[in-house]
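Note that the protein sequences, when read in sequence, are chains A and B. The first sequence begins at 1 in the numbering used here and counts up by one. The second sequence begins at 1 in the numbering used here and counts up by one.
Hints are computed from structural coordinates only; laboratory data are not their basis. The structure presented is a predicted model; accordingly, all values stated were derived computationally and were not measured. Keep in mind that the hints are not guaranteed to be accurate.
Claimed, not checked - Here are the simulated lysine-lysine pairs, DSSO-like style, with alpha carbons at most 30 Å apart:
| # | chain 1 | residue 1 | chain 2 | residue 2 |
| --- | --- | --- | --- | --- |
| 1 | B | K43 | B | K152 |
| 2 | B | K43 | A | K130 |
| 3 | A | K130 | B | K70 |
| 4 | B | K70 | B | K152 |
| 5 | B | K123 | B | K211 |
| 6 | B | K152 | B | K231 |
| 7 | B | K70 | B | K231 |
| 8 | A | K130 | B | K152 |
| 9 | B | K211 | B | K231 |
Stated by the list, open to error - Which residues of chain B face chain A? A partial, calculated answer using Cβ under 8 Å:
| # | residue |
| --- | --- |
| 10 | Y48 |
| 11 | L124 |
| 12 | Y183 |
All C-beta atoms in this analysis are idealised placements derived from N, C-alpha and C, irrespective of residue type, glycine included.
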Amino acid sequence: MNIHELTMNFRAILFVVAFAAAAVFVSCSDDTCYDQRSALPTARFYYKGGTTAVAVSGLTVGGIGAAGDSLIVDSTTVSEFYMPLAPHETECRYFLRFTIAQEGVDSETGETVTTYSHLTDTLTVQYTAKPYFASRECGAMFYFDIANLTTTRHILDSVAVVTPTITNVSRENFRLFLPNDDNDDE
Amino acid sequence: MVLLLAMLSVVAAAQEPDRRRVVTPVGQNNNVVMPPARGTSDKLVEQYLSGDTLAALREAREDSIKRSYKRYPRVTDIAVHIDWLDLLLMACGQDYCSVGAGVTLNMWNRLQPVAELGIGRAKLTPDDGNFTYRGKVSPYFKLGANYNFLFKSEPAYQLLLGLRFGLSPFSYEVTDVTIRDYYWRQDSEVSIADQHTTAVWGELLAGIKVKIAGHVSLGWMLRYHLMFSCKNGESARPWFVPGYGTRDSHLQATAAVYYTF
């Protein structure tokens, strides 16, 4: 192989490598957002002292003062739900309407009947919001730093903040504890 | 019967081959005088014929190494280069660009310390995004070395494997941010300004360098990046790092034009 052939071979390799590199370069972009495009705190139900999430039936959740009185959870069975925070405020309040089923005996017919009643708790979240650019794929959004979380105690026993910084990575942020009078979860 | 067995054993012993070991220091071809290898110096032949065979063998080995490939001086050449591929890709629509220059000292045509510096910038407004990312013009620096696997060949053709240590202090901002709030209906338009951080990374690279004409060569490199440190800004994660490429990518292709002194 003379020097001319060697040069031609090198130039051929050179262009193949250049085009392969350019192809890799162009094809490596991935526009998928694998997290979320907004920061939404997640609340999960537990029995007091328990470590396993429990499902609550007949639950309705909504933000107090939300536009159109739109609901977050509408009379369904859930073990967790998102609590969207208002970016221009420093406090948000939510109502949690629990459905209580009670069995009794009809005094006239003597049959067993189930009656339903409702009890409502109010969750209050205090926080600060700051704009944050997460990534090219997920974009910019508000992140939140939770300062305080409180509740009324009609049904709920207590609440706890697990992760005080709310980002677009899906994780448990709040724990809502139910009284454990008749549970064997512990 | 005893007589028959005795006769059979005698016959069997007579048919066994001769297993005696023949040891002799003299081979059949030992008296042939082999001519010296082509190119062997007269001094070496005379030394061998004089009887100093150990010195002759040592010199023969060194002589064969010298004849097997050319030895290059400690400073074989010095080359300066400019990276141009990112400029081309940015002209084709890429959202960022790093332009750099460097100096390569070619030692023994084998080891090549390299120093690189350059600047990078970015501007990204994705169609499906809610922001404009601006990477301000910021510098980057790289130090490292290449190893030329074709050190036995002419310096005009090089197959390189190298390491780099890179550093870039850079600034960026995210503007025109529109955040929709579909629950509380509190839409926002904000900007995230004055974000600063410093990135430190390493590179493993492979590439080739080919002489095109005169003192001018072209080189292609494929670089694998490993980020050692790049803290997020106070309110934004950096998307582009000068000299590195996009923050989450590990591969980068570069091309450079070299001028060799």
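Hints numbered earlier in the text: which of these fail when held up against the supplied structure?
2, 3, 5, 6, 7, 8, 9, 10
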